[in-house]
Amino acid sequence: MIISNLFLKSLIILTLTSCSHGSFRAISFVNSLLVQSAASHREPSLGNGLLVTLANKKGREVIEMIDVKNGKRIALPGLNSANTHTINMSISSNGQLIAFIRQRGENTELLLYRRNQGTIRKLDIIPKGVPKQVAIDGLGRIVAVQVSRNGRWDIDVINIKN
Amino acid sequence: MTNDLPFRGKALVSFLIFGLVSCSLPLEGSIGDGFLQNKQEPALSGNGGKLALIIDQLGRPTLQLRDLKSGQIIPLRHFSRNQPHSSPSLSWSGRYLAAIIQRGNRRLVTIEDRLTGKLHTFPLIGERNPIRVRLSPDAQTLAIQLAHQGKWKVEIFDLTKMLESDFSQEEFSQ
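In the order they appear, the protein sequences are chains D and V. Residues in the first sequence are numbered consecutively from 1, following the numbering used here. Residues in the second sequence are numbered consecutively from 1, following the numbering used here.
It cannot be assumed that every hint is accurate.
Using 25 Å as the maximum straight-line C-alpha spacing, the simulated DSS-like pairs for lysine-lysine come out as follows [stated by the list, open to error]:
1. D:Lys58 <-> D:Lys72
2. D:Lys132 <-> D:Lys122
3. D:Lys58 <-> V:Lys151
4. D:Lys57 <-> D:Lys72
5. D:Lys132 <-> V:Lys69
6. D:Lys57 <-> D:Lys132
7. V:Lys151 <-> D:Lys132
8. V:Lys153 <-> D:Lys58
9. D:Lys161 <-> D:Lys128
10. V:Lys161 <-> V:Lys118
11. V:Lys153 <-> D:Lys132
12. V:Lys151 <-> D:Lys57
Across the chosen pairs, the derived CB separations fall in these ranges [stated by the list, open to error]:
13. D:Gln36 <-> V:Pro75: 40 to 50 Å
14. V:Ile125 <-> D:Phe29: 28 to 38 Å
15. D:Ala82 <-> V:Lys118: 29 to 39 Å
16. V:Leu115 <-> D:Lys122: 34 to 44 Å
Covered, in the sense of this in silico footprint (three residues per stretch, anywhere, with C-beta under 8 Å from a C-beta of chain V), are these stretches of chain D [what the hints assert, rightly or not]:
17. 26-40
18. 43-49
19. 144-158
Everything labelled a hint here was simulated from the structure, so no lab data went into it. Idealized CB from N, CA, C, for every residue including glycine.
Sequences and hints are given; from them, build the entire structure.
What follows is the structure, encoded as structure tokens:
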């Protein structure tokens with residue numbers, strides 16, 4: 001009896017606590033799809049209604065884009081190439097541009113992917129430094145990139161020219 | 001019309017046009033502050049006007065918000081303590097600023113509404129630690145990277161009943 005009373009009280013407290021933060025909710029069907037589609041996901045970035053993550057598929061990490069409204073995967077032609085390791089990425093609000101940092105051999109590069117063209121171009125870091133983390137603005141006009149330079153972390157802002 | 005201007009006039013017009021174009025672009029280059037201070041984890045507002053970053057403040061990783069055009073630091077109501085801070089993320093105008101803070105022995109996802117001054121918190125059930133947090137530009141979706149049972153996992157949350165949309169006419173006219 002005492003135990004069931006305690007259980008009931010705990011349940012009420014838990015419910016009330018949950019309700020005080022209860023105005024956000026997990027998008028369960030997309031979260032389930034994420035669990036089923038890859039061994040792990042990391043480095044999320046959100047556009048409006050779009051999610052990109054680094055998805056671990058059979059030991060290889062690939063950039064994956066998902067429409068949050070229906071859970072459908074969106075093709076990223078020409079983006080995921082063999083013998084490369086993506087470190088970090090960021091998408092513009094409509095998902096047409098992805099700024100990402102990729103390691104190929106000894107080189108770590110800052111790159112820009114245009115989804116409607118399927119093209120990748122390098123963004124120069126001046127003075128030189130090793131990029132670690134990148135953010136692109138919603139319209140795809142600028143990126144801010146964390147760079148290792150002269151033994152410390154710096155942040156560069158780079159205008160993206162068309 | 002400019003063909004009729006003398007050379008000096010043309011130069012002046014070019015200079016003015018160059019000046020206007022330069023002013024419309026955000027600051028380019030390294031974010032300087034006069035100190036050899038580590039700066040990490042950049043996040044841009046959707047409109048490109050604001051930059052959130054993590055700086056070392058007396059050895060404590062602390063969130064800082066800057067206006068990109070002026071370079072000025074924008075004061076924050078809720079991020080002067082509960083360090084270490086990590087993983088900042090901004091909505092379209094920079095009204096909402098999400099980040100992970102330390103409260104007691106737990107890492108906690110929070111969002112500051114800079115318009116109302118309200119702080120929203122996202123307690124995670126169970127032994128799940130937030131690693132990264134990302135806010136959509138319209139502030140209607142939140143993505144959290146978690147460490148759970150030795151694996152990375154991303155979960156997304158609907159914020160439509162919690163936050164007003166950070167709507168942008170500019171974005172929808174694209």
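Could you tell me which of the numbered hints above are not met by this structure, giving the numbers in increasing order?
-> 14 and 15
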